[in-house]
Amino acid sequence: MSQTATQPAKTKGKLAIYWAASCGGCEIALLQIDAKILDVAAAFDVVLWPCATDGKVHQIEQMADGGIDLCFFNGSIRTSEQEYMAQLLRRKAKVLVAFGSCASEGCIPGLANLNDRQSIFDTVYKEGSATAPENPGDLRPQHETQMPEGTLHLPVFYDTLKTLDQTVEVDYFLPGCPPEAERIWAAIEAILAGNLPPRGSTLGLTTTVCDECKRKRGEKKIKKFYRTWQIIPDEETCLLDQGLICCGIATRAGCGALCPQVNSPCIGCHGGNDGVEDYGARLSSAVASVIDSSDPDEIERIIADGIPDPVGTFYRFSLAGSLLRRKKRDS
Amino acid sequence: MKRISIDPITRLEGHGKIDIFLDEAGEVANAYLQIPELRGFEKFCVGRPAEEMPNLTARICGVCPEAHHLAASKALDAVFGVEPPPTAKKLRELFYSIFYATDHTTHFYALGGPDFVVGPDAPPAERNILGVIKKVGMDVAGKVLKMRRDGHALIKMIGGRAVHPNWGLPGGVSKGIDEAQRAEIEARGREAVEFARFSLKVFDQVVLANTAYVELITGDVFVHRTYNMGMVDAQNRTNFYDGQIRVTGPSGKEHAKYAPAQYREFVAERVEPWTYLKFPYLRKIGWKGLVDGEDSGVYKATPLSRCNVADGMATPLAQAEYERMYATLGGKPIHHTLATHWARLVELLYAAERWVELAADPGITGKDYRTLPTATPSEGVGCVEAPRGTLTHHYATDERGILTKVNLIVGTTNNNAAISMSVKKAAQALIHKGQVREGLLNRVEMAFRAYDPCFGCATHSLPGQMPLEVTLRGPDGQVIERLSQYCH
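Chain order of the listed sequences is P and W.
Each residue of the first sequence is one higher than the last, beginning at 1 in my numbering.
Each residue of the second sequence is one higher than the last, beginning at 1 in my numbering.
Misleading hints may appear alongside valid ones.
[Claimed, not checked] In silico negatives: residues of chain P with every beta carbon more than 12 Å from chain W:
id	residue
1	Gly-66
2	Arg-199
3	Leu-205
4	Asp-211
5	Thr-237
6	Ser-294
[As the list claims (entries may be wrong)] In silico DSS-like links for lysine-lysine, alpha-carbon gap of 30 Å or less:
id	chain 1	residue 1	chain 2	residue 2
7	W	Lys-175	P	Lys-221
8	W	Lys-201	W	Lys-143
9	W	Lys-367	W	Lys-175
10	W	Lys-89	W	Lys-257
11	W	Lys-89	P	Lys-214
12	P	Lys-220	W	Lys-367
13	W	Lys-405	P	Lys-328
14	P	Lys-216	W	Lys-367
15	W	Lys-257	P	Lys-126
16	W	Lys-332	W	Lys-253
17	P	Lys-214	W	Lys-156
18	W	Lys-405	P	Lys-224
19	P	Lys-36	W	Lys-135
20	W	Lys-332	W	Lys-201
21	W	Lys-146	W	Lys-135
22	P	Lys-224	W	Lys-175
23	P	Lys-36	P	Lys-12
24	P	Lys-126	W	Lys-288
25	W	Lys-156	P	Lys-216
26	W	Lys-284	P	Lys-126
27	W	Lys-367	P	Lys-223
28	P	Lys-36	W	Lys-156
29	P	Lys-94	P	Lys-12
These aren't lab readings, by the way, just hints derived from the structure by calculation.
Backbone N, C-alpha and C define an ideal beta-carbon position, used for all residues, glycine too.
Input sequences plus hints: build the corresponding full structure.
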C-alpha cells in the first residue's frame, strides 16, 4: 500500500461511484488499478457503487447534504433519471469529479447531438432494418404506458445529451475514454493527500500525446490526407507527417501514446489541454496549419477529399461539451 | 392490483428494472423487464466515415468492446469488399479468444459463481466474490486475478488499449505481432488452458457433487423451451469469430442456417412502448408474445445456446467436456437456464485451447496482416458471437464510404424476451397469495444472472453481485414492504 493511503486516517471518508449514460468502460478502468483498490477501500467507505456494492439511492437521499466526501461520476446525461442522480450527488458530495470522457465532454454518444430525439426514435424503432415491416402500429417507447395490470414508466429521453458540468457544478475533471489506470491512481493520490489544483481543473498531465509518442517527426507538409483504410503507414514515422489525421497534436497526454504504438492514429479521447476552450477548433486549426498550399481551391480539395466528416473527426469525443454543443434545430 | 418493483441496481434510474404485478388473489399476473435508456448509435453513426465504426461502436460497451470492434471490422470487410489475409484473420481470432477467456472468467467467479460456490441460500453478505474466495481459498483468488490481469495486458499489447482497442480496419488489422510477443501470448495461453480445466474441476466438486444444486439446475423454475442461436464453423462446431448462424428449435431440430448477411430473412425485432430495448424474434416463426415453445419466435443466444446449436467443440479438451455436460444433463438440447454457467466453462476451455492453437500457428507472426481495399464501398454485415449472444453489425455507405444506414443487434438484446420470461417464471413460482418468499430475491436474480445480461452494456455487476431490492406497493403506490438482500 502506498504511504499516502496508509497515513493514519482520522475518520474514513465516504466515496460514491456512479454511472449515468455510459458504457461501463470507466468502471473496468477503475478496477484496473488492481490491488490499489484496497488502498481506496482503506481510505473510504463506499456508500454507493451500483456495479460493485450494495449502496442504495434512497440511503443517499437520506444523507445530509455534503455527507459524501468524494463522488466519481461517469457517463453523460441523457434522461430525466440521470439528471436527477447528477443533482442528487452534487448536493451530497463535497467533491464531485467528472470521471472520463462522457461526463467531461460527452464522448462518442455526444455525437447524437447532431440529431434529436425524434430522428433517433424514427431510426431505431421505425426504420431499423429488422423492425421496419414489423412495427405497423409505429409503436415508440413512452414515458407512461397503461398496461392491463397497471402503469409502467420510463425515464424521459431528452433531445440533447449534456455533460455533467452542463447539468450541475463540477469540481474536477478526469479525462480519457476511459481514463488510464495510472492517471486514475494519480488523481486518487492527489485527492487523498489534499494536493489538489483549483476547482474546475482537469486532473491530468499538461503535455500532449505527441510529447509521449516515440515516432520520428519531420516537417509537416501535407498535400493529401488519407483515410485509415487507404494507406499502410510506416511504423516509425509520425502519422500526421504521413497524412493521417492523428489527433495527438491537440490531445492531452496521459495514455503514453498507446494508439500510435499499434500503428493507429490518436483519436483524441483525452480531450484538450489546459487553456483550450474548444478542442475541435484547436485540432482543426492545427491540422489546417500543416496543409502545404496557399491556393484556396487546392486547400478546399485537400480537405474535402481527406476529411469528409469534419465534425465527426475534430469533435469525435467533445461535441456535446464544445462551443458547438449540438446541431442547430430546424425552426 | 399490487405492484412489486425490482430495481436490479436499486436506483431510480439504472439500466434495468423489473415490475411485477399481483392480482387480487396475490398471484403473479405479469412481470415486465424495462430497459430505461437508449443512446442512438444507429442514428448518430450515419454521416460518419465507415472506418470509424470499430472505434465508435466499441463505446456501446466497455465490458465487451472487443466484440463490437471485431463485428465492426468484419462489417467493414464486407462494405469495402475486401478479404483480410490469413494472418489478419488469425490475429483477430487470437485477440478474440483471449478476450473470451478473460470475460468468461470474470462472469463465472465474480457474477455467477457466488450462487453455486457459496450457495444460493447462504447469507447474502457472503454470497459474493469475497465469499467465493473464502470458500475456495486465496490461491484460487490469485489465479482468477492473474487470469484477468494477463488477459487485459495481452489485449492491450495486441489491440493498443485494454479498454476500447484501436486496431481493426477493413481488410485486416493495423499491426501484427513479433516473435517475442507470440511466445509471451502462447505461454499465457497454456496457463489459461490449465486455469480453465481447474475451473471445470471447481464446478464438479462444488456444484455437481451437490445434489441440491443439481436439482436446482434441473428444476422447472429455470426451464424455457425456446429456439437457440449461435455461430458454427463449416463442421457445425462452435466458433466465436466467424461462420454461419445456426438456429435450432426447442426439440433440437435445425430451423435455419444462414450467412450473417441474410439475417433480416430470419430475425425481426418487436417494439414495445414500455421499454427502450427491442425484442428480436425469429421472423419465420413470428412474434407470439413472451412465451416459449415451437410456435413462438422467441430465441436465446447464450453460451448454452451456442452449445445446443453446435454439433461439438473444435478443440479436444473442450469437446470432451461438452460431451460430459450433455451426458450428465440428459442429452441435447438443454433448456435449463442455469446450465448456462456450465456451458460458459466449456467455452472458457475452448477459448483457451484456441488461444494456444493460434499463438502456436507459424503464420501468426506474418507481416501480411492487411489488404488495402480497392472496390467501391457499399453495404455489408459483420457478425461475431459476443459472450452474451450473436452480435450483428449492418452498414450501408455511399460511394465515398460515408455511412447512410446502420443497424445493430447487440448480444444481450437477443435474449431480451427470454430474460423477461425467466424473471416472470421465477416470480410466479415463488410468489403466492401476495407473500413474497425470502428466496425470491436471489432466485429472481439467478434467473436474470445466468444470461450475464449487459443492458446498455451496464447492468454488469463487478466485482460483487447485483444488489437487488424488492419494493411491495399497494394500489395507491404506497410502500408496504421493502425487502433487501443486504442490511440497511
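Do the hints match the structure? See the list:
With a closest Cβ-Cβ approach of about 21 Å to chain W, P:Gly-66 is found to remain outside the 12 Å limit, as its non-interface label requires. The claim that P:Arg-199 lies off the interface holds: its Cβ sits roughly 27 Å from the closest Cβ of chain W, which is beyond the 12 Å cut-off. With 12 Å as the threshold on Cβ separation, the claim that P:Leu-205 sits away from chain W holds: the shortest Cβ distance comes to roughly 17 Å. Here P:Asp-211 stays apart from chain W, with its beta-carbon at least about 18 Å from theirs, past the 12 Å limit.
Residue placement check: P:Thr-237 keeps its beta carbon more than 12 Å from all beta carbons of chain W (closest about 14 Å). Here P:Ser-294 stays apart from chain W, with its beta-carbon at least about 27 Å from theirs, past the 12 Å limit. A threshold of 30 Å between alpha carbons decides the hint, and for W:Lys-175 with P:Lys-221 the separation of about 25 Å falls inside it, so the pair holds. Taken as a hint, the W:Lys-201 and W:Lys-143 pair is honoured in the structure, with Cα atoms around 14 Å apart against an allowance of 30 Å.
Taking the CA atoms of W:Lys-367 and W:Lys-175, the gap is about 9 Å. The hint holds against a cut of 30 Å. Under the criterion of a C-alpha separation no larger than 30 Å, the hint pairing W:Lys-89 with W:Lys-257 is consistent with the structure, at around 22 Å. Between W:Lys-89 and P:Lys-214, the direct Cα distance comes to roughly 28 Å. Compliance with the 30 Å bound is thereby established for this hinted pair. Of the pairs offered as hints, the one joining P:Lys-220 and W:Lys-367 holds, with about 28 Å between alpha carbons and a cut-off of 30 Å not exceeded.
Restraint check for W:Lys-405 and P:Lys-328: the C-alpha separation of about 22 Å stays at or below 30 Å, so the hint holds. For the hint pairing P:Lys-216 with W:Lys-367, the CA-to-CA distance comes to about 22 Å; that is within 30 Å, so the pair holds. Between W:Lys-257 and P:Lys-126 the CA atoms are separated by roughly 27 Å; this keeps the pair inside 30 Å, and the hint holds. The straight-line distance between the Cα atoms of W:Lys-332 and W:Lys-253 is roughly 10 Å, inside the 30 Å bound, and the hint therefore holds.
Distance check on the hinted pair: P:Lys-214 and W:Lys-156 sit about 18 Å apart at the alpha-carbon level, within 30 Å; holds. Between W:Lys-405 and P:Lys-224 the CA atoms are separated by roughly 28 Å; this keeps the pair inside 30 Å, and the hint holds. With a CA separation close to 24 Å, the supplied pair P:Lys-36 and W:Lys-135 stays within the 30 Å bound. With a C-alpha separation of about 22 Å, the suggested pairing of W:Lys-332 with W:Lys-201 holds against the 30 Å cut-off.
The suggested pairing of W:Lys-146 with W:Lys-135 holds, with an alpha-carbon distance near 18 Å, which does not exceed 30 Å. In summary, the hint linking P:Lys-224 to W:Lys-175 is supported, as the alpha carbons are separated by about 23 Å, within the 30 Å threshold. Only pairs whose Cα atoms come within 30 Å are accepted, and P:Lys-36 paired with P:Lys-12 is accepted, the gap being roughly 16 Å. Distance restraint check for P:Lys-126 and W:Lys-288: the Cα-Cα separation of roughly 20 Å lies within the 30 Å cut-off, and the hinted pair is therefore satisfied.
A threshold of 30 Å between alpha carbons decides the hint, and for W:Lys-156 with P:Lys-216 the separation of about 23 Å falls inside it, so the pair holds. Of the pairs offered as hints, the one joining W:Lys-284 and P:Lys-126 holds, with about 20 Å between alpha carbons and a cut-off of 30 Å not exceeded. Between W:Lys-367 and P:Lys-223 the CA atoms are separated by roughly 29 Å; this keeps the pair inside 30 Å, and the hint holds. For the suggested pair P:Lys-36 and W:Lys-156, the alpha carbons sit about 20 Å apart, so the restraint of at most 30 Å is met.
With a CA separation close to 14 Å, the supplied pair P:Lys-94 and P:Lys-12 stays within the 30 Å bound.
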